[in-house]
Every structure is written in structure tokens, then in C-alpha cells.
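K.L.:
For reference, the chains in residue letters:
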Amino acid sequence: MAKAGETGDWQSPELAKYATGDALGVINRSLYTDHLNGVVTKGEPKTNPEVSKVEPPDNPTTVMISDCGDDSGWLKYKNGQLVNDTPGGRRSITAEVKKQQDGTWRVTRFAVEAVGSC
Amino acid sequence: MLKRLGVVAGLSAAVLVATAVPAFADGGWGFTDCSQYPNPGCELGAGKNPRPGTGNQGDGNGKPSNPGQTNPGTGQANANGDTIIGGNNNLAQCGYERSDYQGPPPGGAQPAAFHVPPKSGAVTAVPAVYRPQREPATAQFAVAQPRFAQAQPPSGAWYVYKCTGPGFADALYRPPVWIADGQPGPVPLPSPAELAAQARNQLRLPAPKIAANPAGDQLVSLPTWLWLDRSSWGDVSATASVPGVSVTAVARPTSVTWSMGDGGSVTCTGPGSPFPAGGDPKSASPDCGYTYKTSSAGQRADAFPVTATVNWTVTWSGAGQGGTFPNMTTSASVAFRVAESQGIATG
Chain A
1 MAKAGETGDW
11 QSPELAKYAT
21 GDALGVINRS
31 LYTDHLNGVV
41 TKGEPKTNPE
51 VSKVEPPDNP
61 TTVMISDCGD
71 DSGWLKYKNG
81 QLVNDTPGGR
91 RSITAEVKKQ
101 QDGTWRVTRF
111 AVEAVGSC
Chain B
1001 MLKRLGVVAG
1011 LSAAVLVATA
1021 VPAFADGGWG
1031 FTDCSQYPNP
1041 GCELGAGKNP
1051 RPGTGNQGDG
1061 NGKPSNPGQT
1071 NPGTGQANAN
1081 GDTIIGGNNN
1091 LAQCGYERSD
1101 YQGPPPGGAQ
1111 PAAFHVPPKS
1121 GAVTAVPAVY
1131 RPQREPATAQ
1141 FAVAQPRFAQ
1151 AQPPSGAWYV
1161 YKCTGPGFAD
1171 ALYRPPVWIA
1181 DGQPGPVPLP
1191 SPAELAAQAR
1201 NQLRLPAPKI
1211 AANPAGDQLV
1221 SLPTWLWLDR
1231 SSWGDVSATA
1241 SVPGVSVTAV
1251 ARPTSVTWSM
1261 GDGGSVTCTG
1271 PGSPFPAGGD
1281 PKSASPDCGY
1291 TYKTSSAGQR
1301 ADAFPVTATV
1311 NWTVTWSGAG
1321 QGGTFPNMTT
1331 SASVAFRVAE
1341 SQGIATG
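Protein chains in written order, with this note's numbering: chain A, 1 to 118; chain B, 1001 to 1347.
FYI, nobody ran anything at the bench for these hints, they're computed from the structure.
Just so you know, even glycine gets a beta-carbon here, dropped at the ideal spot from N, CA and C.
Derived DEER-like restraints, expressed as beta-carbon distance ranges: (1) A/Trp105 to B/Thr1254: 44 to 54 angstroms; (2) B/Ala1332 to A/Tyr18: 20 to 30 angstroms; (3) B/Arg1230 to A/Cys68: 47 to 57 angstroms; (4) A/Lys53 to B/Gln1102: 28 to 38 angstroms; (5) B/Ser1237 to A/Asp9: 15 to 25 angstroms; (6) A/Gly116 to B/Gly1216: 53 to 63 angstroms; (7) A/Asp9 to B/Arg1300: 22 to 32 angstroms; (8) A/Pro57 to B/Thr1307: 45 to 55 angstroms.
Taking beta-carbon pairs under 8 angstroms as the criterion, some of the chain A residues facing chain B (in silico): (9) Ala23; (10) Val26; (11) Arg109.
Using the sequences provided together with the hints, build the complete structure.
P.N.:
Pasting the structure below:
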């Protein structure tokens, strides 16, 4: 997403390698909106994901991941200027990763909470 | 009445600039923020960021933050489902526009997270729009069912929400939300200019397909022919329409600038002539060529990075109107190795 956000390429096929379903839709719409607004994202988020749950334990098909991500160094720009002076910050993130039929793992759903939620 | 409201709203918006436009999330995750934009998936974080209700944006959370809530009052949606967003007086000239975003409805057959309740008080996500009086044309499209609607059930369309006005000089769209057909109130219909912007946004310009002769390494002092495959050179158009109104944007390639990687560049007003089969290798292209003076030895990977950038003019026409958009560009890069020619091509 950080990579696609640099160019506003909301249709980047790369995204579908990592996300599917609802998660992909949310990411696409976020990037589409930046594209529509002529906004690009620069920098990278800081993440430190941890597995919080694995199901079923013996032959996992679903992994839950939690994180306290920080997007204060991953900000939106328009015409070379910050979109506004509201910085990002630390956000609680929960993601569901599921094994796909082709054996790959993809993010199927995720929730990003407000700045300051962790 | 409408006019007076417009003035009031405009003043309010102007004041808000200084005080209360905190809304636009600036971080990379901004538009995925569940506290502002409830999305499918947000249920995973339930409890971490308590929100009123579930699967229901009717409380206004679905919209970008809502400074107007501090000043509830006069601007109620009227009985006809008219064009004023209810209870939201400070947000001047806000509305949904149909989006050219293409994707399945969220959650497949269950757009519950985006469900807009039929009638639930003042601040709802009713797809209404307030048009400023100075844009009378935008009100002319009294058509029931625009044809953007997705074919698959549930029928509806993606809308983007934006506020414009004196205080929102750089108004930004919010992420598309799915609104099912048949919601109460009129569906906001785009003006020709808005349709044109959508058409432009739908333009899919091909990346330049670079070709050159010699086909492999270039040689110092030997003319290099530069051209683009014709599949990547030609008019590209896209159309956006509602019944009775159709607007087409056309992008036309006008020039290609070749940055040759050695500091030189050449601009050609056409795609360039392909090198003819059996042509004289020492001949120069009649319309788009370059001759290297130095070898690329010592460059990164011993090659010059070459970029072809195509300049496109973009115009639109329809509904008896027309206009020009800023130019667009596409580009592609290749690496040219340039060898000294002695001993190779002396014959």
C-alpha cells in the first residue's frame, strides 16, 4: 500500500497479491480517493505486527495479527505540500489473514483505529 | 430561501477554516480509519474504538467529520427530499457525486456496513446535494436512474462525498461509499464538467512501447532511430454519461521527449519512423533520431538510462459544452548500451 500510495496507483496488481475481499476493497477505495484528489503518500508506516491467534492450531487457515502501527512518517501530499497539518500517529490495527485456495496467504479483513488508539 | 441558506452556509464554512477542519486524515491509513470511515473489516477492531451502533452509518460517522454537528438546526432536509443536506448547516455545498470507482458492493450481497437508513432524523447519509446558485446548470439533469448503476445486485452505485465552498478551497473527496438504488431523495446528478472529470479519470493511457535501431547495443556516431510502437500512440477516449447527457474526454499524444541518458534529449512531434527492413544502418531517422557521442562504458550497468515521455493533450466535449484539461504524460524507460564503434562498424 505504501508503494502504491506513492503513485496513487489504486489499481496496482501488486495489492491483490497481499489482500483480497473486503481488505482489498478498502485499500482500493482509499487509494482511489487519493488518486481522485491528486494526493500521494510519501514515506512508510512503522509496523511491528504480532500474531495474536492461529486457527486451527494444528493446521492453520486463519491467522489474526495485531499491531500498533504508526503513520506519522507516512503522510499525504498534494502538489508537493502536506495535505494538512494533522499528523498521523499510532493506531491499533487488527488484521485477519487467511490461507487461500491456491495456498497463498492474504489479508481478508483489517481494522485500523483512530490515531492514539494504542 | 435557498439563496439565503447558501450565504449562511458560506459564512459558516469560512469561519470553520480557522477553527474546525480537523477532519482530513493525513496519515497513510487515513481513509481506512474505522473511527471515521466504517468499513467492512472494522468489526475486527470492535471494542478498541467504541462506535455507536454497528453496520450503520446513519449517525453521521460515515461521513467525513462533521463540524456542523456543533451547530445543529436550521437546515433540515425538506419534505420533498430536496437538495439540502439536513441538519448540517455548516457544511456548505456538500454532496455526493457518482464515482467512477468500480468495484463490487462492499460485503458482496450485503452492503450492511454502508446501509443508509430510510428516514432517521437530521444527520443522515441521504444522498442529497446542495448546489450553489451560481451553478444552475447542475440542476438540469432531472433524470431518475443514471446508467452508471452496477449490473449485479444489489443495484446501486459508488458515490464520493465532497464539500466545496468559500472555506474549502482545496476540497477533497472522501472514499467512495456504496449507496443502493431507491434510497429516498434525489440521486445527485453530475454536471457536464463533473462528468468530464469522471471521463478523464477513466482514461487509460498506454505506456510508450519503446523501439530503436540498432535493436541491440547502440554505437557511438551511428544514428539511433527512435520510435514508439503504434499501439502506444493514438487517441484514447473515455465517456461518462447519464441518460440524455454524455461527455467524452479525448487524450491525444502530441509529442514524445526522449531523455537519452547522456545528458542529451530529443523531442519528436510524432511517434517516430520505424527503421525499415533492409535499410542502411548508417542512415538517420527522418523524424526521430539521436546520435550518441560517447560510449556508456563506466555508466551504471554500462548503459544509459533512456526515458521516453509522451505528452498528451486532453479535451472534453458533450452536452453542448467542452473544455481542456491539463496535459497528461506517460513514460517508459529502457537502458541503452552504447559501444565505441571502432572495429565493429567500420565497413
